[in-house]
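S.K.: For the sequence shown, the residue numbers in UniProt numbering are 1 to 285.
Note that these hints are calculated values from the structure, not bench results. The structure displayed is predicted, hence computed values, not measured ones. Positions of the beta carbon are idealized from the N, C-alpha and C atoms, including for glycine. Don't take each hint at face value.
[What the hints assert, rightly or not] Computed spacing ranges between beta-carbons, pair by pair:
#	residue 1	residue 2	range
1	170	126	47 to 55 angstroms
2	52	218	37 to 45 angstroms
3	55	26	17 to 25 angstroms
[Claimed, not checked] Calculated lysine-lysine pairs in the DSBU-like style (CA-CA distance at most 35 angstroms, straight line):
#	residue 1	residue 2
4	148	40
5	44	148
6	120	75
7	125	75
8	120	44
9	148	75
10	148	120
11	75	44
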Amino acid sequence: MARLASSLGLMCQVNAFAGLVLCYLLFLLLGGLVFTSVEKPVEKELRAEVAALRRSFLRENPCVQESELRELLGKAFSAHRSNVAVLKADVDERRYDFTSSLYFVIVTLTTMGSDSYTPKSDEAKLFCIFYCTLGIPLTLLLLTLLSKLLLPVVTHAPVHHLHTYWGLPYCRAALVHAGLLSVLVLSLLFLPPSLLVCAMEPSWSFLDALFFCFVVLSTVGQGGNSLGRNWKLKGLSIGFKCLSFARKGTKELSKIRLTQLLEKISANTIDVIGYVRSVRKAVTN
């Protein structure tokens with residue numbers, strides 16, 4: 001009966017967590033839709049102004065070739081990394097769309113911030129304040145529940161296996177597991193993404209890609225670089241943010257594992273001290 005109740009309780013927890021994840025995904029999509037509807041018209045207006053200014057300049061200065069002007073503006077805007085660098089309106093890939101909004105929502109709710117974009121309109125700024133007031137605590141709640149669900153699978157089960165089947169002492173098994181888990185997580189979170197960034201950005205060196213992955217996954221920022229220049233690279237950046245979110249969960253698990261290990265060591269130390277005192281007392285008597 002107790003086992004059945006425990007199974008039902010675990011099933012309810014899993015279902016509740018799945019419902020919370022679904023609500024959180026809908027919350028992200030809602031934020032992306034709102035930012036898209038508010039910010040896209042502003043960017044279209046700025047894009048049209050820049051295009052009109054370019055046409056007017058070429059009309060008033062016929063001695064300037066359009067290709068030369070495009071090259072000059074390209075270098076200038078590349079140096080300043082402007083998000084509205086419209087060189088040719090019909091071929092520019094840097095358009096503000098739903099992917100851009102979703103990317104901004106994710107980096108904002110995970111408290112990483114974006115080096116390449118900030119809301120332009122007053123409506124978007126006000127919505128961002130209220131949206132983050134609700135979204136950031138929800139993100140932290142989801143992260144906490146995720147760490148509790150993953151704790152038995154990621155920590156307890158491997159340590160129990162090492163302790164039971166390999167014959168390692170509990171403390172040593174916990175240390176071995178922590179070391180192997182750290183190496184595995186670092187290898188999966190940094191090396192493959194760095195190689196993928198090198199493939200997506202031929203102009204970047206492996207060190208640049210590794211630095212970008214490190215500063216993103218460690219929630220430092222973007223290191224002055226941004227992958228969000230077209231929909232493929234924006235999707236890659238969103239993937240990095242999701243990886244960073246998972247890395248935060250792993251960090252939380254490590255903290256919990258270390259706390260439990262210290263408590264175990266402390267309890268064993270107290271038992272040993274008590275045993276020594278009892279032996280000393282018996283010898284004295």
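S.K.: Each of the hints needs a verdict: does it hold here or not?
M.R.: Cross-check of the supplied hints:
no. : hint                            : in the structure
1   : 170 <-> 126: 47 to 55 angstroms : holds (54 angstroms)
2   : 52 <-> 218: 37 to 45 angstroms  : holds (43 angstroms)
3   : 55 <-> 26: 17 to 25 angstroms   : violated (43 angstroms)
4   : 148 <-> 40                      : violated (39 angstroms)
5   : 44 <-> 148                      : violated (45 angstroms)
6   : 120 <-> 75                      : holds (24 angstroms)
7   : 125 <-> 75                      : holds (30 angstroms)
8   : 120 <-> 44                      : holds (12 angstroms)
9   : 148 <-> 75                      : violated (50 angstroms)
10  : 148 <-> 120                     : violated (39 angstroms)
11  : 75 <-> 44                       : holds (22 angstroms)
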